[in-house]
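Novice: The primary structure of each chain is shown beneath.
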Amino acid sequence: MLRVSLSGSLRSAAGGAENIDIEAQSIRELLNRLVDRYPLMRKHLDEGIAVSIDGEIYRDNWAKIIPEGAEVFLLPRIQGG
Amino acid sequence: MAHDTSYTDQKFNVVGTRVKRPDGVDKVTGRARYGADASAPGQLVGLILRSPHAHARIKKIDTARAEKLKGVKAVVTSADMPDLNVGNRDLFAVLENCMARDRALYDGHAVAAVAAVDMNTAKQALKLIKVSYEKLPHVTDVDEAMKPDAPIIQDWVFTVGVEPTPKKPSNVSMRSEFGHGDVEAGFAQADVVIEKSYKTEQTHQGYIEPHACLASLGPDGQGELWVTTQGHFVFRNTCAALLGLEVSRLKVTSSEIGGGFGGKTHVWMEPVALVLSRKANRPVKVVMSRDEVFRASGPTCSTSIDVKIGATRDGKITAASAELRYQDGPYPAIWGMLGAMTSYACYDLKNVKTVGYDVLVNRPKVAAYRAPSAPMAAFAVESTVDLVAAELGMDPVDFRILNAAKEGTRASYGPTYGPIGIGPTLEAVKNHPHMRAKLKKNQGRGMACGFWFNFGGQTCTDLNVGIDGSVTLTVGTIDVGGSRAALGLIAAEELGIPYDMVKTNVADTASLGHNDMTEGSRGTFSSGMAAIFAARETIEVLRQRAAVMLDVPVEAIEWKEGQAVATGLEHSNLAPLTLKEIAAKSPTTGGPIAGHNEVVADNAGVSFASHICDVEVDPETGATRVIRYTVVQDAGKAIHPDYVEGQFQGGAAQGIGWALNEEYIYGKDGCLQNAGFLDYRIPVCSDLPFIDTQILEIPNPNHPYGVRGVGETSIVPPLAAIGNAVSNAVGVRLNHVPMSPPRILKALEEAANS
Numbered sequence: 016m017l018r019v020s021l022s023g024s025l026r027s028a029a030g031g032a033e034n035i036d037i038e039a040q041s042i043r044e045l046l047n048r049l050v051d052r053y054p055l056m057r058k059h060l061d062e063g064i065a066v067s068i069d070g071e072i073y074r075d076n077w078a079k080i081i082p083e084g085a086e087v088f089l090l091p092r093i094q095g096g
Numbered sequence: 004m005a006h007d008t009s010y011t012d013q014k015f016n017v018v019g020t021r022v023k024r025p026d027g028v029d030k031v032t033g034r035a036r037y038g039a040d041a042s043a044p045g046q047l048v049g050l051i052l053r054s055p056h057a058h059a060r061i062k063k064i065d066t067a068r069a070e071k072l073k074g075v076k077a078v079v080t081s082a083d084m085p086d087l088n089v090g091n092r093d094l095f096a097v098l099e100n101c102m103a104r105d106r107a108l109y110d111g112h113a114v115a116a117v118a119a120v121d122m123n124t125a126k127q128a129l130k131l132i133k134v135s136y137e138k139l140p141h142v143t144d145v146d147e148a149m150k151p152d153a154p155i156i157q158d159w160v161f162t163v164g165v166e167p168t169p170k171k172p173s174n175v176s177m178r179s180e181f182g183h184g185d186v187e188a189g190f191a192q193a194d195v196v197i198e199k200s201y202k203t204e205q206t207h208q209g210y211i212e213p214h215a216c217l218a219s220l221g222p223d224g225q226g227e228l229w230v231t232t233q234g235h236f237v238f239r240n241t242c243a244a245l246l247g248l249e250v251s252r253l254k255v256t257s258s259e260i261g262g263g264f265g266g267k268t269h270v271w272m273e274p275v276a277l278v279l280s281r282k283a284n285r286p287v288k289v290v291m292s293r294d295e296v297f298r299a300s301g302p303t304c305s306t307s308i309d310v311k312i313g314a315t316r317d318g319k320i321t322a323a324s325a326e327l328r329y330q331d332g333p334y335p336a337i338w339g340m341l342g343a344m345t346s347y348a349c350y351d352l353k354n355v356k357t358v359g360y361d362v363l364v365n366r367p368k369v370a371a372y373r374a375p376s377a378p379m380a381a382f383a384v385e386s387t388v389d390l391v392a393a394e395l396g397m398d399p400v401d402f403r404i405l406n407a408a409k410e411g412t413r414a415s416y417g418p419t420y421g422p423i424g425i426g427p428t429l430e431a432v433k434n435h436p437h438m439r440a441k442l443k444k445n446q447g448r449g450m451a452c453g454f455w456f457n458f459g460g461q462t463c464t465d466l467n468v469g470i471d472g473s474v475t476l477t478v479g480t481i482d483v484g485g486s487r488a489a490l491g492l493i494a495a496e497e498l499g500i501p502y503d504m505v506k507t508n509v510a511d512t513a514s515l516g517h518n519d520m521t522e523g524s525r526g527t528f529s530s531g532m533a534a535i536f537a538a539r540e541t542i543e544v545l546r547q548r549a550a551v552m553l554d555v556p557v558e559a560i561e562w563k564e565g566q567a568v569a570t571g572l573e574h575s576n577l578a579p580l581t582l583k584e585i586a587a588k589s590p591t592t593g594g595p596i597a598g599h600n601e602v603v604a605d606n607a608g609v610s611f612a613s614h615i616c617d618v619e620v621d622p623e624t625g626a627t628r629v630i631r632y633t634v635v636q637d638a639g640k641a642i643h644p645d646y647v648e649g650q651f652q653g654g655a656a657q658g659i660g661w662a663l664n665e666e667y668i669y670g671k672d673g674c675l676q677n678a679g680f681l682d683y684r685i686p687v688c689s690d691l692p693f694i695d696t697q698i699l700e701i702p703n704p705n706h707p708y709g710v711r712g713v714g715e716t717s718i719v720p721p722l723a724a725i726g727n728a729v730s731n732a733v734g735v736r737l738n739h740v741p742m743s744p745p746r747i748l749k750a751l752e753e754a755a756n757s
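Those protein sequences? They're chains Z and Y, same order as listed. If you read the first sequence in my numbering, its first letter stands for residue 16, the second for the next number, and so on. If you read the second sequence in my numbering, its first letter stands for residue 4, the second for the next number, and so on.
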């Protein structure tokens, strides 16, 4: 079981939850289960999202395995100049 | 093939040296070809008609007289650019920004375009297009746009990030909250609490080369686009989606780029040029004037920010909060969110809360500008940090060191940091001779910190060995700040050959797989990673070919210092084979020798910088001169130190202009008053001191060489460092950027009167 922290506008898509517990082995699994539980997340996922695992930020790597007990943050996808 | 991206503390031979830039001769002799330097047989001149109003309903566009003018080959309006992606709001916003539909949303919004045989005819045709407007109420100020009675810019925008979802449309497109702990409890523990409000005005990236392209699109749906851009693959995908083309049938070639800084990450007139070309069935060249660049490309936000910081007498911050209001132009974006994410990233805070608001106004669509949103947030936070330190009677550098984030700190935007460089940059500032230099009358010194995320993304790279042993590295990331030299160094390092044997080229979109844009300080980080892996795959091929040439098993071949060496006692009498020797025999040992890599480079490694600035302010005129400036920044690993220093200096120079002079000035009519470099003053060489640099190298654990992005962070601290220096020089806190002479005089006058 992962504890996933949400920030920014992602919280409101999850009914205001700051943290959610979710069963997932990989980023892909995490995102799929997230949408199953919170359909409003779909829009954010479509716009792009980043997943921080133990402080390391992944933007596009769906295959990344999430270690048990890892610190997981969902962040909005950022843009740069 | 998967490769290990971990840092390995590799010892380098050529990486870290200051080799000659490969594009230097071309650029100083004028041989380099920029966006406006392409031509094609039968090409037409494209021009765009733009709204003179800040907000207006377009009642009718009559193009009949323009179309009849001799020499006009095509006239285009929104009717020629239908929405082919119905339901996709983001793509529609891009399309509508390229060509207005029922409303013009800002002064400069495109409403029609022509293609004609020459410039004079095109200009004449523009004058013959009659647009009937109905002026609508407008708003250009971010705080005014948030008021309940402000004119609504988009009736389909409902504030995201609030509960319950609003039922009325709003100019506030998004509310974003970040932080942790209990700020109210933290402020209750503080001995000193400082609250302050700040404003920053809108600025443009000020790239010297305007947007320019040559478009050719036939009725068969096949086309080519030559364009100045930070990301030709993304431009291809966007243009193809907007115009209903197959991606593979639109080849986009990037020109040399005369600066981008985020402003060339979006399409502006390129889709229009393609539509003009399709309609005229001739190539069409469009080159924006400087007036158009200011009015109708993508500057950064203007902002309004409130900051509150509390600390104990012993200098520990107990709580920090901020409300950040950023205007995005007429379309929803994430710039306020990024301000909220970056504002306190330099600090180790138990209690922190930031709220960002993204706000729509009648100004041009905002684009990224080098570490977008972070400089304004840093101006507000770092100014307040100085005020708190002063209130506590502490040295501002010591105060920052005491509160700096470190490995294991939970960042204000969420995750826990790995190894980071904010502490070392502050220690370097503390020990820098600049901090001990004496100041004269009317002079002041300031310092400030800055943060930027950096990111990686999709990258695809080829490496080919020629028959003579010379190496071609083919990349798809635009060289904005010297990446061709850095990537050439990386390929040479891996292959064990001299840098001069490697030529790095930026390929067109038909020649490589997708590459993300050069943004987020990702060019050298991500393409460098791909170059390393492509070179290592090439070495595997070279070993195989050497094994054939030497009649030994491939397992017995090692690659050492650019040569294939047969190992083991039974092969010790065999002479090593150089890359040149192996290449010369390649036709008979298996054909071309090449390596390839595609990678999604994640974990780019966050970046921190600390800057020191000395200024002298003329109390009679309010004019400020920067007399000394020092940049200290963590580069992870500086592949080519000259270019890294150049990035540091360039960011500081742009920050100096932003801090002291640059400003979009709007009239009461909502129209831009200073759309040119005479009235919008960027710094020139004579305005700047030599900008000193100090590169720190705290390796990124997620890159084989430890590379972090370096292109953006250097623009984050200057507004605050200069603000602190000016405030120290005049004895009055400046809270409005730019700190232009009239604003400084006004602040001095108000202080004297109070």
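Any given hint could be a false lead.
[Said to hold, decoys possible] In silico BS3-like cross-links for lysine-lysine, where the CA-CA straight-line distance does not exceed 30 Å:
#1 Y:Lys409 - Y:Lys71
#2 Y:Lys150 - Y:Lys71
#3 Y:Lys14 - Y:Lys583
#4 Y:Lys30 - Y:Lys506
#5 Y:Lys353 - Y:Lys433
#6 Y:Lys171 - Z:Lys58
#7 Z:Lys58 - Y:Lys133
#8 Y:Lys199 - Y:Lys138
#9 Y:Lys282 - Y:Lys133
#10 Y:Lys30 - Y:Lys202
#11 Z:Lys79 - Y:Lys319
#12 Z:Lys58 - Y:Lys170
[What the hints assert, rightly or not] Cβ-to-Cβ under 8 Å is the rule here; a few derived chain Y residues that face chain Z:
#13 Phe181
#14 Asp185
#15 Ala371
#16 Tyr372
#17 Ala374
#18 His599
Hint data in this document are derived by calculation from the structure and do not stem from the laboratory. We put the CB at the ideal spot given by N, CA and C, even for glycine.
Novice: For the pair supplied as a hint, lysine 199 of chain Y and lysine 138 of chain Y, is the alpha-carbon distance within the 30 Å limit?
Specialist: violated, 37 Å
Novice: Would you check the hint for lysine 58 of chain Z and lysine 170 of chain Y, treating anything up to 30 Å between C-alpha atoms as holding?
Specialist: holds, 18 Å
Novice: Could you check if tyrosine 372 of chain Y really has its C-beta closer than 8 Å to a C-beta on chain Z?
Specialist: holds, 5 Å
Novice: Lysine 58 of chain Z and lysine 133 of chain Y were given as a pair; does the straight-line alpha-carbon distance stay at or below 30 Å?
Specialist: Violated: lysine 58 of chain Z and lysine 133 of chain Y sit about 40 Å apart, past 30 Å.
Novice: Just to be careful, I want the Cα atoms of lysine 409 of chain Y and lysine 71 of chain Y compared with a cutoff of 30 Å; is the pair within it?
Specialist: violated, 68 Å
Novice: Per the CB criterion, is histidine 599 of chain Y less than 8 Å away from chain Z?
Specialist: violated, 19 Å
Novice: Between lysine 30 of chain Y and lysine 506 of chain Y, is the straight-line Cα distance small enough, at 30 Å or below?
Specialist: holds, 16 Å
Novice: Verify the interface restraint on alanine 371 of chain Y: the C-beta must sit less than 8 Å from at least one C-beta of chain Z.
Specialist: Result: holds, 4 Å to nearest chain Z Cβ.
Novice: When you check the alpha-carbon spacing of lysine 282 of chain Y and lysine 133 of chain Y, does it fall within 30 Å?
Specialist: Judged against 30 Å, a Cα distance of about 20 Å means the pair holds.
Novice: Answer holds if the nearest beta-carbon of chain Z is closer than 8 Å to that of phenylalanine 181 of chain Y; otherwise answer violated.
Specialist: Holds, about 5 Å.
Novice: Can the restraint linking lysine 171 of chain Y and lysine 58 of chain Z be considered satisfied, given a maximum Cα separation of 30 Å?
Specialist: It holds: about 20 Å lies between the C-alpha atoms, which stays within 30 Å.
Novice: For the pair supplied as a hint, lysine 14 of chain Y and lysine 583 of chain Y, is the alpha-carbon distance within the 30 Å limit?
Specialist: holds, 24 Å
In summary, the structure is inconsistent with hints 1, 2, 7, 8, 10, 11, 14, 18 from the numbered list given earlier, while agreeing with the others.
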